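Novice: Throughout the sequence shown, residue numbering follows mature numbering (1 follows the signal peptide of the UniProt record, and there is no 0), covering -21 to -1, 1 to 302 in sequence.
In case anyone wonders, no lab produced these hints; they're calculated from the structure.
Everything numeric in this text was worked out from a predicted model, so none of it was measured.
Since no wrong hints were added, every one of them can be taken at face value.
Lysine to aspartate or glutamate pairs mimicking EDC-like chemistry, simulated, CA-CA at most 20 Å apart:
1. 22 - 295
2. 242 - 126
3. 172 - 126
4. 299 - 27
5. 22 - 33
6. 219 - 187
7. 269 - 33
8. 22 - 44
9. 299 - 236
10. 122 - 288
11. 163 - 131
12. 172 - 198
13. 122 - 161
14. 219 - 198
15. 22 - 279
16. 299 - 30
17. 23 - 251
18. 61 - 76
19. 123 - 251
20. 123 - 288
21. 172 - 161
22. 299 - 289
23. 122 - 289
24. 172 - 131
25. 123 - 289
26. 130 - 164
27. 287 - 126
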Amino acid sequence: MRKLTTLIALSAVMLSSAAWANPLNVVFTHHSSASNPFWQAVKKGFDDACDKIDAKCQMIFTQTEGAIDQQASNMIAALATKPDVLITSIVDNNAFDEIISRARANGTIVIAANVDDLEGANGNARQAFIGQGFAPAGYSLAKKMAEFFPKEGPIHAVVGISAPGQNWSEQRGAGVLNFLNEFKEANPSRNVKIVRLDTGTDGAVVAERVGAYVNANQDITVYFDTGLWHAYVAQTLADKGIPPGKVLMGGFDIVAEVLQQMKAGYIQVQVDQQPYMQGFMPVMQAYLAKNFGLSPADIDTGQGLVVKEDVDQLWDLARKGLR
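With the sequences and hints as input, model every part of the structure.
Specialist: Below, the structure written as structure tokens:
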């Protein structure tokens, strides 16, 4: 916290120098498409930071959600323009290693945002990571959700892996599964069934797959999503006449669709990873690194847990694209 406070204070002081410093050329490539509402909040933070330092900035989306090959191609094309800074998500442990190493060798500042290599700095040449600790966040989600479990009887838990093989989804899922397995061991007298289900990142597809599972398994207690797509599952449950709370649900990211379903009672717990910060702080760190030689530093953007009682105070921020 002290490091983050110092960084923010330095940013505020140094922003007054933006007029005389050479404008930064910043490119942000990532694995998501423009239709993903979470990334619009990241983009707002990115754009606001760029405006504050008069930087030349571009965020490049993929055409297909989660397409690693498209992200790699976008990264290569962007680096050909010789930007000062590359901000990127690292959703695969190997796909971007060579590209980022070349960028660093050419003097480009590289900061990972939103998703990091599983080995961190030991696995990739990026200089810092600004984002969520995925496994701890998944564990925290499941632990909080356990407060809503029935006090007795069987538990049938389903963990939806939104993007099989991608770091963010697998690690969140691993955190959820770790807690569920601990819960099972701590409650030997209860029948605890734990199922992993590969679900996808298209809302309609996720709703169809999970809806079909619910139809075939009327005893399901709880569904965890490693993204925000359980909001679409909630709508499917409502359409089927399944009342709020019959199937407990939780996942990640604070967007309007999720808040609506929390208010309706279909989603019990959500994890906030503060997307605005993930867009804003990498630009500030790059500015300080380029102009004042300060080393970029890791920032954990949080594992804040949100429940129904918190929704009202988050609505205005969500509407403004800040959460």
